[in-house]
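Visitor: Protein chains in written order, with the working numbering: chain A, 1 to 458; chain B, 1 to 350.
Simulated from the structure, these hints should not be mistaken for lab results.
Treat the hints with care, as some may be off.
As the list claims (entries may be wrong) - With the Cβ distance kept under 8 Å, some of the chain B side facing chain A (calculated, not the full set):
hint : residue
1    : Gln-55
2    : Phe-131
3    : Arg-133
4    : Ile-143
5    : Val-144
6    : Ala-146
7    : Met-273
8    : Pro-276
Because the structure is a prediction, the values reported are computed rather than measured.
Glycine included, C-beta positions come from ideal geometry on N, C-alpha and C.
Each chain, letter by letter, is given below.
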Amino acid sequence: MSIPVLMPALSPTMTEGKLAKWHVKVGDAVKSGQVICEIETDKATMEVEAVDEGVVAQILIEEGAEGVAVNTPICVLAAEGESVADAAKAAPAVATRSEQAPAQATPAPMPAAAVSAPPATAPASEPEWTGKTAHITVREALRDAMAEEMRNDGNIFLMGEEVAQYHGAYKVSQGLLEEFGDKRVIDTPITEHGFAGLGVGAAFGGLKPIVEFMTFNFSMQAMDQIINSAAKTHYMSGGQMTCPIVFRGPNGAASRVGAQHSQCYASWYAHVPGLRVLAPWSAADAKGLLKAAIRDPNPVIFLENEMLYGQSFDVPEDPDFVLPIGKAKIERVGKDVTIVAFSIMVGKALQAAEELAKQGIDAEVINLRSLRPFDTETIVTSIKKTNRLVSVEEGWPFAGIGSELAAQMMEHAFDWLDAPVKRVTGLDVPLPYAANLERMALPQADNIIEAARAVCNR
Amino acid sequence: MAKPAVKPKVESLAAKSKSSPKSSGPGDNSISAEELKSFYRSMLLIRRFEERAGQLYGMGLIGGFCHLYIGQEAVVVGMQSTINDKDAIITSYRDHGHMLACGMDPKGVMAELTGRSGGYSRGKGGSMHMFSRDKNFYGGHGIVGAQVPIGTGLAFAHKYNGSRNVSLTYFGDGSANQGQVYEAMNMAALWKLPVVYVIENNRYGMGTSVERASATTELFRHGEAFGIPGVRVDGMDVLAVRAAGEKAVEHARSGAGPYILEMQTYRYRGHSMSDPAKYRTKEEVDKYRTERDPIDHLRKRLLDAGLVDEAALKAVDAELRKIVGDAAEFAQHSPEPDPSELWTDILVGA
Ligand SMILES: Cc1ncc(C[n+]2csc(CCOP(=O)(O)OP(=O)(O)O)c2C)c(N)n1
Ligand SMILES: [Mg+2]
Chain A
1 MSIPVLMPAL SPTMTEGKLA KWHVKVGDAV KSGQVICEIE TDKATMEVEA VDEGVVAQIL
61 IEEGAEGVAV NTPICVLAAE GESVADAAKA APAVATRSEQ APAQATPAPM PAAAVSAPPA
121 TAPASEPEWT GKTAHITVRE ALRDAMAEEM RNDGNIFLMG EEVAQYHGAY KVSQGLLEEF
181 GDKRVIDTPI TEHGFAGLGV GAAFGGLKPI VEFMTFNFSM QAMDQIINSA AKTHYMSGGQ
241 MTCPIVFRGP NGAASRVGAQ HSQCYASWYA HVPGLRVLAP WSAADAKGLL KAAIRDPNPV
301 IFLENEMLYG QSFDVPEDPD FVLPIGKAKI ERVGKDVTIV AFSIMVGKAL QAAEELAKQG
361 IDAEVINLRS LRPFDTETIV TSIKKTNRLV SVEEGWPFAG IGSELAAQMM EHAFDWLDAP
421 VKRVTGLDVP LPYAANLERM ALPQADNIIE AARAVCNR
Chain B
1 MAKPAVKPKV ESLAAKSKSS PKSSGPGDNS ISAEELKSFY RSMLLIRRFE ERAGQLYGMG
61 LIGGFCHLYI GQEAVVVGMQ STINDKDAII TSYRDHGHML ACGMDPKGVM AELTGRSGGY
121 SRGKGGSMHM FSRDKNFYGG HGIVGAQVPI GTGLAFAHKY NGSRNVSLTY FGDGSANQGQ
181 VYEAMNMAAL WKLPVVYVIE NNRYGMGTSV ERASATTELF RHGEAFGIPG VRVDGMDVLA
241 VRAAGEKAVE HARSGAGPYI LEMQTYRYRG HSMSDPAKYR TKEEVDKYRT ERDPIDHLRK
301 RLLDAGLVDE AALKAVDAEL RKIVGDAAEF AQHSPEPDPS ELWTDILVGA
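The following block holds chain A by itself, in its conformation from the complex (with noise of 0.2 Å):
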């Protein structure tokens, strides 16, 4: 059987060359790994390796020549036990053929369905709780919310800078080192990249990790290994590697502590497929959603809030308590216009409801808990009540939640909207350290309510 030796591609892009040099001549023996030519193009000279063996018997494209087409063939090799001679008579056939050879798979029509992802359905809203409740702290319902999945799951561990001994540096995970040990509840050096990745690989040998960052600010250290690893190795390897792992810790402002320290990561995450982005706002979405986030198969990012950690509220006593993910709740029912808030703003946006309602104008809060996925149903249903949006965040406005926000709504609420959406964000600046120019910085109750007030034209 005589075979072909093909112009090859040195890159993607290279569709023909310069055939430079030949090393062999017609009856030379040719072994695999052999250079038998080399070939040129604008950007580089390669030499070509035989990867077949045989005796060279014939030479199709002559030295020097120029804009030879990947995958011409080149030369034929007669194969042992072939004569040379044979192998040359065959050689146009074959040439032929392989010419026929598509280079590239040509690529499959892009089905309409595929711009856009199927369509996902939220989940019911939980039922109205009717329990026992008990009033605690947002920084007690996260410890409790670990500490119940962690007694219902040895795989589960807590890991992260000061989490163990110290407790937390927000003291989040009180009483865990001593109920669950050091194998279970680690401090870790300083290290982020090293323990995101760590914590990677111990969830895709099985285990169940909880990795605190001291503040999603550090975060950046690992976000190669949060999207790149966590995020995106689930998909590429078909569905064989499952990474069940939660990132937690503050986000965002905590109180005169500068730029550097911060920062909302919100629309950062939430831009990634492969994650889930929790936000929650009160005690009972802290429980609720962490509980969901631990059972959760999916790497799940948990945006919590240093100012919210010691507000109380109340929260379902029982352990079963867990939130569905991907569903926001409505907060304050309200007619005249939709705030659609997250995290510590939820509060913020209630505030200003208050205030707006002694102004006379009705607004419906909700509290989007879910970054990643987003509940765009819940927010379209209020939207054909009130006809009018403000979102509001703490990050900045540049490619925000509210400009995703915005965009959904002109693809899916267009026809019941009676004003523009409105976006009420931190200000596209540093966040800078002095009191007066912070407060000025983050959103505010007041922005709020000037900003439902430009909506409902008041």
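Using the hints provided, position chain B with the ligands relative to the given structure of chain A.
Guide: Quick look at chain B with the ligands alone, frame taken from chain A:
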């Protein structure tokens, strides 16, 4: 002279060598003839596979980046012979050899290279991103150095589960300059994690030589700050690799913590397919190929010891060519993934 018992299935090779009896070093007579032959066969399978992958790339059937392992075969084949099938393996984008050495099916690997539904990631990963839960092969990672903390995390999981399994975490000389590598080493030493760091020092990270990239070029000593023992190994000699690997794996398995092996090796081909390799001389490459080739080296050893004859070696080559040829056929005829695959495997259960 005995004809080598040519095994019908490639997959059986790695498995066979894994469960082989312990031995202590190169020239050690306790390495059985069967095992030596299986090393030869595993290395040659990788070589033939990679040659064929290069050819398919040249034909436009493989896209993007494609990093061949030709020249480095002894490293993974020697190391693989020191572990059992519950141990974890993880490496970089230069991963084809590791997958074959783990016993993954050449067809599935090649079909992933061509981006077809028959590939290990159903065409969604490509050359750099392939995995096998079944074989405990955890990828295939495209970000230089990222596999090092992940491999350390696999070791963490082994220790957490009390399993006495180890993680072989491979990375390159270039990767050895990444910060996260040292973050991981520190934790591995601190927590005595069962991980063997195998640095495949092929002397270049793309076009930059080790001398131009690392302030200290004795990479096996890069764990000294954390008290991690390390040795330099002739990575062109599969028996030297095997001997050093056994020691390192034993160390990690015993609970003594991490270990570093610096494998001195060489890649014959460019960094990826489109590398004109202007940063090194042709003489340098030729010298390695003609004087240091790991496959030639073992071949000579087998012949000199009278363990095989030329005809037997030829038969092995023919058989491997057939396996690789079948893989290439499969990889060209396996259909592209169905468009619906675009939306699968983004999240579990969603
Ligand atoms: C974080 C990161 N930076 C840069 C690259 C581009 N890159 C890919 S391979 C490579 C060289 C790595 O060399 P080495 O670790 O020695 O491995 P080898 O390719 O020699 O096997 C570079 C710079 C990358 N993939 N990831
Ligand atoms: Mg290298």
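Visitor: The structure should be examined with respect to each hint, and the outcome stated for every one.
Guide: Results for each hint:
1. Gln-55: Given a least distance of 5 Å, the restraint on B:Gln-55 holds.
2. Phe-131: Hint holds; B:Phe-131 Cβ to chain A Cβ min 4 Å, cut 8 Å.
3. Arg-133: Nearest chain A Cβ about 5 Å off; hint holds.
4. Ile-143: At 5 Å from the nearest chain A Cβ, B:Ile-143 passes the 8 Å test, so the hint holds.
5. Val-144: The hint is violated - B:Val-144 has no Cβ within 8 Å of chain A, the shortest such distance being about 10 Å.
6. Ala-146: holds, 6 Å
7. Met-273: Interface hint status for B:Met-273: holds (7 Å vs cutoff 8 Å).
8. Pro-276: Status holds, d = 4 Å.
Consistency note: the structure conflicts with earlier hint 5 alone.
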